Amino acid sequence: MHRPLVLRILALLVVLTAAGSLTWGFTCELSAQCNSFNACIDDTCDPSNPSAGSDGCVHTPVSDGTPCDDGSQCTSNDSCQQGICTGGMQMPDGSECDDGNPCTVNDVCLGGFCSGDIAPDGTPCDDLNPCTANDACQLGSCTADLLDGTPCDDDNPCTANDTCEQGSCTGDPFLTAGAPCDDDNPCTANDVCSAGFCSGDPEPEGATCDDGNPCTASDTCQEGICTGTPLDGSTCDDGNPCTGNDLCTDGICIGDPAAQDGAKCDDANPCTVNDVCLGGFCSGDIAPDGTPCDDLNPCTANDACQLGSCTADLLDGTPCDDDNACTSDDTCLDGFCGGGLVLDGTTCDDANPCTADDSCQQGACTGGEPQLAGTACLGDGNACTRDVCDSSATCLHLPGNEGTECRPAAGDCDAAETCSGSSASCPPDGLKPAGVECRPPAGPCDEAELCTGTGRDCPADILRPSTVICRAAAGVCDEVELCTGQSAACPDDILKRAGSECRAAAGDCDVAELCTGDSADCPEDEFVSAAVECRPVAGPCDVAESCTGQDAACPPNTKSTDVCRTEAGPCDVAERCDGVADDCPADALRPSAFECRPAAGPCDDAETCTGTSTTCPADRLKPAAAVCRAALGACDVAEHCTGQSAACPADAFQSSGAECRPAAGPCDTAETCSGTGPACPPDGFRPASVQCRPAAGECDLAEFCSGRGAACPGDVKSSAVCRPAAGPCDQTERCNGVSDTCPADTLKPAATECAADTDPCLVGGTCTGTTAACPSAEPKTGADALLCAFDRSLQQPACLGQPVPASVGPLFTKARGLAERMVGAEGRARKKALQQATVLLRRADKALTRAEKRKRQPISADCTEALHGMIGDALKRLGDAKS
Numbered sequence: 001m002h003r004p005l006v007l008r009i010l011a012l013l014v015v016l017t018a019a020g021s022l023t024w025g026f027t028c029e030l031s032a033q034c035n036s037f038n039a040c041i042d043d044t045c046d047p048s049n050p051s052a053g054s055d056g057c058v059h060t061p062v063s064d065g066t067p068c069d070d071g072s073q074c075t076s077n078d079s080c081q082q083g084i085c086t087g088g089m090q091m092p093d094g095s096e097c098d099d100g101n102p103c104t105v106n107d108v109c110l111g112g113f114c115s116g117d118i119a120p121d122g123t124p125c126d127d128l129n130p131c132t133a134n135d136a137c138q139l140g141s142c143t144a145d146l147l148d149g150t151p152c153d154d155d156n157p158c159t160a161n162d163t164c165e166q167g168s169c170t171g172d173p174f175l176t177a178g179a180p181c182d183d184d185n186p187c188t189a190n191d192v193c194s195a196g197f198c199s200g201d202p203e204p205e206g207a208t209c210d211d212g213n214p215c216t217a218s219d220t221c222q223e224g225i226c227t228g229t230p231l232d233g234s235t236c237d238d239g240n241p242c243t244g245n246d247l248c249t250d251g252i253c254i255g256d257p258a259a260q261d262g263a264k265c266d267d268a269n270p271c272t273v274n275d276v277c278l279g280g281f282c283s284g285d286i287a288p289d290g291t292p293c294d295d296l297n298p299c300t301a302n303d304a305c306q307l308g309s310c311t312a313d314l315l316d317g318t319p320c321d322d323d324n325a326c327t328s329d330d331t332c333l334d335g336f337c338g339g340g341l342v343l344d345g346t347t348c349d350d351a352n353p354c355t356a357d358d359s360c361q362q363g364a365c366t367g368g369e370p371q372l373a374g375t376a377c378l379g380d381g382n383a384c385t386r387d388v389c390d391s392s393a394t395c396l397h398l399p400g401n402e403g404t405e406c407r408p409a410a411g412d413c414d415a416a417e418t419c420s421g422s423s424a425s426c427p428p429d430g431l432k433p434a435g436v437e438c439r440p441p442a443g444p445c446d447e448a449e450l451c452t453g454t455g456r457d458c459p460a461d462i463l464r465p466s467t468v469i470c471r472a473a474a475g476v477c478d479e480v481e482l483c484t485g486q487s488a489a490c491p492d493d494i495l496k497r498a499g500s501e502c503r504a505a506a507g508d509c510d511v512a513e514l515c516t517g518d519s520a521d522c523p524e525d526e527f528v529s530a531a532v533e534c535r536p537v538a539g540p541c542d543v544a545e546s547c548t549g550q551d552a553a554c555p556p557n558t559k560s561t562d563v564c565r566t567e568a569g570p571c572d573v574a575e576r577c578d579g580v581a582d583d584c585p586a587d588a589l590r591p592s593a594f595e596c597r598p599a600a601g602p603c604d605d606a607e608t609c610t611g612t613s614t615t616c617p618a619d620r621l622k623p624a625a626a627v628c629r630a631a632l633g634a635c636d637v638a639e640h641c642t643g644q645s646a647a648c649p650a651d652a653f654q655s656s657g658a659e660c661r662p663a664a665g666p667c668d669t670a671e672t673c674s675g676t677g678p679a680c681p682p683d684g685f686r687p688a689s690v691q692c693r694p695a696a697g698e699c700d701l702a703e704f705c706s707g708r709g710a711a712c713p714g715d716v717k718s719s720a721v722c723r724p725a726a727g728p729c730d731q732t733e734r735c736n737g738v739s740d741t742c743p744a745d746t747l748k749p750a751a752t753e754c755a756a757d758t759d760p761c762l763v764g765g766t767c768t769g770t771t772a773a774c775p776s777a778e779p780k781t782g783a784d785a786l787l788c789a790f791d792r793s794l795q796q797p798a799c800l801g802q803p804v805p806a807s808v809g810p811l812f813t814k815a816r817g818l819a820e821r822m823v824g825a826e827g828r829a830r831k832k833a834l835q836q837a838t839v840l841l842r843r844a845d846k847a848l849t850r851a852e853k854r855k856r857q858p859i860s861a862d863c864t865e866a867l868h869g870m871i872g873d874a875l876k877r878l879g880d881a882k883s
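Numbering (this note's numbering), first residue to last: 1 to 883.
Treat the hints as calculated values from the structure; they're not laboratory data.
Just so you know, not all the hints are guaranteed correct.
[To be verified] Straight-line C-alpha distance at most 27 Å; calculated DSS-like pairs for lysine-lysine: (1) Lys832 to Lys882; (2) Lys831 to Lys853; (3) Lys780 to Lys748; (4) Lys780 to Lys831; (5) Lys876 to Lys853; (6) Lys882 to Lys846; (7) Lys882 to Lys831.
In this text, all values refer to a predicted model and were calculated from it rather than measured experimentally.
Work out the full structure, taking the sequences as your base and the hints as a guide.
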């Protein structure tokens, strides 16, 4: 199958994934979890969107015509069409290309596709497998001899005694049980090997971590996974020189391709010129044929551009170096460098510091005896790991190096991080807190700069404005100096001129002082001599004051407080100087409210002054019917004067049985007087057993008196289940807390999953929308039983957030296309399609194994196991189809 067709099928599968047919088992939280790896699909996380799949993801095709790359060297100006990247203009037939197969030669474009002639059998090649040797082309494929039993390294620190078996490097997982390791998860601790896998205990929920994503912050451990809060709107760098205005969106750094359209760039092709950005991609014009270039192959010469590709002449027979110490007499052949095998046992170096006495075996350098455990080995570039050999010749990278700097300060306001000694990860990058001084003032007119707590760099240097005092006056005869706003230094000191008043007369007994012009200080203060009158008498209540000779102020103005006018009767008052005014206060009578004769009893009136006479008015009694004793309670009566006596009649009460407090509500009782006292008995209420409001329906509750109040408690509705579900496809109804009646009976919508297993290889198991019962799920049969194995998503729940190898998707998609072709084929064509699909799935399975063992961003064992299981099931179904 040609590569562009594979890409079209892959894109179609991605569109199907967007429709929800290939993803199940989890619900997204970030758009990053919805990545379909298709440049022609806009992936967002929006579980509330009606178009979202069961995983909450929405996959929308971008506008037709959006630039993309279909991965084919034989097309240009590729663009998106209905969510699929489609090749644009075909390269001229005969243009050189590379079909990715080391066992084809003379690869050229033909009709927009790249293909080549089968290389001669025996042409050297490299299958990139350390457990094979003598790799050579055979009928267009790279084949090799197995090196079973040869020591190797499976890149798994949790296995030992690794050896080649059937072309695969396999180690013993039981020899390393309990050995310390690092599972590369910042949210686990105490990592140890178990059954060949490295795992640790989860860190406490909320522990600080670093998810390595510049578009998240406040990263903390959640259920063993380092999770951060998206920094939507923050600036970032998506690593693409052909986008601009990069911003964080839903935890992903996304740039705007239009912002860089036309900008110069480098497409890394020496045979193009005038490279510029367009639609987020860098491309250029084809360089003139014959332009010198370098294909970096020592077995070619006369490298020159031809139709946009770097071509060269072969140097067959020229001595070269294949970088293998276990071959000799290396020479070039068909563009490849190779040599004959040296004798087994020849000394070499396998580049593993954890082995000794290395020697050549069948053309490969094989490690000898393991070095002593604890021997230093090649570092992993991580300052927070101790790099030591174990007893199985494996180089371990264990957490350690407490206090070692693992991230230097990147600015005056950045803090350097040091290893904790218990984790292999450098602590999250931290800044110095706001308020820390990062640049001291360079003078009295310079401001000290403080860190903001949000950036690594010290803020720009700022001078104090021209309104700031930089040198205070050293005395009243000195001038204040102000900053200029242009310099950190304060201007020169200046004194006030001679004759300037420096101390004004501070009072009637003081004289003013003047500056001398040669001192910042004002001359000593001098005063008027003693006995000089400074304030004369101003009235009958005032006294004269004189200076003291010791103070600037005239002594306080003192006023008399003696009587200055005597009283003329009981309603008159004597006047005194008030100690404030110079004059005697005006003659005043007692106010009309002043009592000049007190009452002789409750029925006598006290007499008060009239405010217009110095005498008290004549004595008088209160009139008859005037209340002389008010009722003191609901059961008391008021008493009235007789008009003949100053005394009040005897006290009397309401008769027994008179209602003094009516019922204030359905839970209250009326009270009556006792006839012996003024107070109404205490308010009493009905007991808590009395029902004051009955239930009005199955969702209403009856109310009872509280025994503590007159009112019936508020009407309360139930929120309990009022109609249980009658089956898996029925809804449970609850009272809504508002209505008296139970809501209407409803069924779950049609297509709601009700079976426990939602495998795409099962049918049924969804509600019908018309009955409460759930139909049972059944395995698919016939061709569907084979094709459904390819409908499973490679983004398994165990692989959440992990980079599945890019080669697995195309291989899986090719295999599906062959399986579809087999369904409609017979005989030899059917057998060939089955064989080719099986080979592709096995290649995908090997790619997964390599991805798990790679040192940079390996996928987890759980993810690998899930994907191996999915591919293994597809292989089994292919095997079943053969029979």
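Discussion item. Of the numbered hints stated earlier in the document, which are not met by this structure?
Written reply: 2
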